[in-house]
Amino acid sequence: MTPLTAAATPDRRPTHGSRVGLLPSVESWLAAASHHGELFAQLDTGVRIALLARAAPERMLVWEAGHAGVDARIEPFAGYAASAADMVLAADDASLAELRSAAAGRLFEVLRAGIRSGRIVCYTLRRRCVLEERGLDELLDALGYAFMGACR
Amino acid sequence: MQPGIAKLPHLFQPGRFGRFEIKNRIKYGACCVSNYNTRDGFITEREIARMRVIARTGCGIITNQGAYPDPLGEGKAYFRQVAIFDDKFLPQLERIAADIKAQGAMPIQQILHAGRYGGIDLGYCIQPSDVPQTLPHFRPPKVMTKDEIRDCVRQHADAARRAVRAGFDGTEVTSFMGYLLANFNSRFTNQRTDEYGGSIENRGRFMRELIDGIKQATPENPLVVRLNGAELMDRWGGNTEDECFELMRQAVDVGVDMISVTVGWQEAPESSIGRDIPPGYWNYLSARAKKLFPDTLVTFGNRLPDPRMADDCVRDGVFDYWEVCRPLLADPDLIHKAAEDRLDEVRRCIGSLNCLSRLFRDLPYTCTMNPALGHEVEPEYQVTPATVKKKVMVIGAGPAGMECAITAAKRGHDVTVFDKAGRIGGNLYAYATNDLARPDDLLSVVAHYEVVARKLGIDVRLNTEVHAKFMRSVLHQYDVCVIAAGATLDRKRYAHVKGAERMLDGLEVAHGRGQTGRRVVIVGGGKLGLTLAESLCKHQGAEVTVIESDKRIAGDVKPSFKWRHASWVEELGIKCLTSSTIVEVGADGVRVRNAKGEETFLAADTVVQADGATPAHPLFHEFEWMVDELHGVGDALIPRGLEQAIQDGFRLGVRL
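Just so you know, the sequences run in chain order A and B.
For the first sequence, our numbering assigns the number 1 to the initial residue and increments by one for each residue that follows.
For the second sequence, our numbering assigns the number 1 to the initial residue and increments by one for each residue that follows.
Hints were generated in silico from the structure; no laboratory data involved.
In this text, a Cβ means the ideal position worked out from N, Cα and C, and glycines have one as well.
Accuracy of the hints is not assured; some may be wrong.
[Stated by the list, open to error] Short, incomplete list of chain B residues facing chain A, as computed with Cβ under 10 Å: (1) P136; (2) P141; (3) M233; (4) E270; (5) S567; (6) E570.
[As the list claims (entries may be wrong)] Calculated lysine to aspartate or glutamate pairs in the EDC-like style (CA-CA distance at most 20 Å, straight line): (7) B:K551 <-> A:E133; (8) B:K551 <-> A:E38; (9) B:K142 <-> B:D194.
Please work from the sequences and hints to get the whole structure.
Shown next, in the form of C-alpha cells:
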C-alpha cells in the first residue's frame, strides 16, 4: 500500500521554460493524486507515471510512488527509456490546457477522453503483466484501457 | 459455364501476375497467422491440412501465412509463427506450395517481420526509433543500427530466395498491421535523424531497399507489398493518407509488382476491420491506389466480405484482385458457392475477430462460424455419412441446435427441430436486433440456418414447446434428443430483494416482448445488459443506468469487443455503477448499494434483470428416461456465447 503525501521533496523543481509552463503545476498534480487516492493506493514503490508535452518533450511532470506516498515533481525528459517511467502520457497543447483545469476534479475523465481521441498518446514502458504486478491495474482501467487492444 | 460465374464475370475472369496466368481475380490474403505450428517455426501437419483446405478454395492466388525471416526471432509476432530463416524449413514449405499448385493456384509466400510487434520470445522488439508501446502486450523497443537494417534487408532477400526454392511463385512483404515495414514508413515510429528517417523519402528508404533486395534475389518472381492506405495513426503523429500514398508511389517506382492496400495498425485508436465497419467502407483507398498507379496491380479486401461487391469493384477499377481471407476461414466453399450461384448458402464471416484476438492470447486461431477450422487433420471433425441413420429431435432452433441439426442432416440423419418461438435463431435473434454494430452480420447467421435447413429438408416445427407432456406424446419416435433450448435468466436470483418481481426479464425485453419506460435501470453489465442498454438508449432515447456487481462491466464479452461496448457506453452517456447491487425495487426506482455500503436511490420507470443466465438443466432431468440418447449443446449446457454454441452443435452433429 502506498500512502499519499503532499510533502515536498528536495528534487522538486519549479515549472519554467516555454513548454514546461503548459504542464500542470506540481501542486495540482499532487492534489490530483490525493483526490484519486484509490487509483494510486496499490502502486509499488518506484512506480513512475510521466506527463509531457508532445510538441516539445523537454521536461516531464512525474508521479512517483515512494515509501512515504505519491510524490510529484518536474524532471528533465531525456528519452523514454531514460525516463525510468512505467507509463508516459504525451499530450498535445490543447489537452495539456484541459488537464491543467481538470487536475483538481475530473482529471481521469479528461485523460481517458484524450487517449481515446488520440490527443494524448499513452506509452507503456512495461508489459501489462508487469504493470499489473506493480499495482497499476486500477490506473490502467481509469485511463480507459478497455478501449485499447489489438485487432479492431 | 457455371451459373454464378456468369453473374460475377469480372471476379472470375482470368488475370496475369508477372509471368503467371491466374485463373480468376481472387487472392487469398494471409491476413493472420494460424498459431498451429511449432514454437521454433516448423510447419505442422495441422497447418498443412488447413492449407490443403485453403488450396481448394478456388482462389487464383494463394498467400501462405507470414513467416519471420530472422534467426533471432526479432520478427516473430506470434507464439507459433512459421519461420523461413533457414533451409531446414523447406520440406514443409515445399508441401504447401505443391498443394496450392495442384489446385491450379499461384502460391505466394508472405515474409512477416513484425518489428514493433515482434520479439515475442525475446525481451525486446526492434524498431527504427525508441518509441515505446501503446499496447502493453508488446515488448519494449530496441533501435536498429544501420548494420542491423542492412542485415534485415538481406534476411528478407534470403527468405524470398528460399520461398522460391520451396516452389512459391512469388513473395510478399507486409506492413499490415503496423509491422517493421510500417514502422519505418510511419512518422509515428520512425524518428531517426539519419538517412532512414526524417523526410518521407528517407522514411521510405528501408522499403525501397527491401523491395530492391528481394527483386534482385528473385528477379523472375513477382513481389507484393502490403501497404497502408490509411494507418489510422495520424492523430498520434503517424502518416496521413496522402503520405501513405506517397509511400506507395515509392514502392511502385522501385518496381513492386502488386500493391496490397491495407488499413490500420494493431494499436490504432479506431476500428478498421471489425463488425462495426460496414462492408465496402474502405474501398475508396483501393480506388485511389488504382487511379494513381494504373499500371501496377492492386489487391484489396479489408472489410469486403461479399463476392458481389468484389465483382463490382473489379468491374469499376477499384482493384484488380479481391484479397480475401477471413470470409474463406468462415466458409472455405465461398468461391465455389459463388460460382455455382449458391451464395445464399454461404456461411458469412461476421467480423467477430475471434480469429485475430486469440492470437494475442498465444492461442491457435479459431473461427466463430467454422468449427472445423484448425481441425482439418482430425477425422472427428469431418462430416461423414452416419453408419447408423437415426431419427434426431433437436429442442431449440438457436445456433447450437441448428448447427447440430444441419451437421446431423448432412450425415444422413432424419432431423426434426422444435422451437417454442415463431422463428429460427433463438436468443441470437434477440441480440442481433439490439446490436449497434451491424445487425446484418448476426442476422446472416440466422438466414444461413433458414436456407440450409430448408435445402437439407430438415423439419423445423416452430411455435412448439417441448415439455414432459409433449415428450410423452412422441415417445419412441426419436432415437436421439438434443437439448439446445438455450439459457434463461434465473428469476430467483433476486428473490431476496424486496420488489424484485417488478423487474422485467432482459431476454424477453431483447426479444421485443417487454415495454420499457424512459428511465431504465438494467441490472447486469454483461453482454446482454450492455446490448440492451445501448439499444434502448440509441433507439428509444431512454436514460439508462447499468448496475453491475463486479468491479468492471463487460465481463463475459469477447476481448475483441470489450472496447466497443466501453466506447458505446461512454458515447451514449450510459451510467454504469460497478461493484454495486440492488437493494430494493420500487414503483418509481431502485435502491442501490455500492462496495462501501452506501445506498443511493435511482429513479426509474423500468427495471430490467439482465444477468443470471442459467442453463436448461431441468429438461435433462425430465427427459433422461424418455429417449435412447440424450445430449445437450450450447447455452442449455453452460451459458457462454455464439462461438461455443456453434462449436458444441457441430461437434455433437458429427458424432451422432
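Evaluation of the provided hints:
1. P136: holds, 4 Å
2. P141: At 8 Å from the nearest chain A Cβ, B:P141 passes the 10 Å test, so the hint holds.
3. M233: holds, 8 Å
4. E270: holds, 7 Å
5. S567: Holds, because the Cβ-Cβ distance from B:S567 to chain A comes to roughly 6 Å (cut-off 10 Å).
6. E570: holds, 8 Å
7. B:K551 <-> A:E133: holds, 18 Å
8. B:K551 <-> A:E38: Satisfied, since the Cα-Cα distance of roughly 13 Å is no more than 20 Å.
9. B:K142 <-> B:D194: Cα-Cα ~16 Å, so holds.
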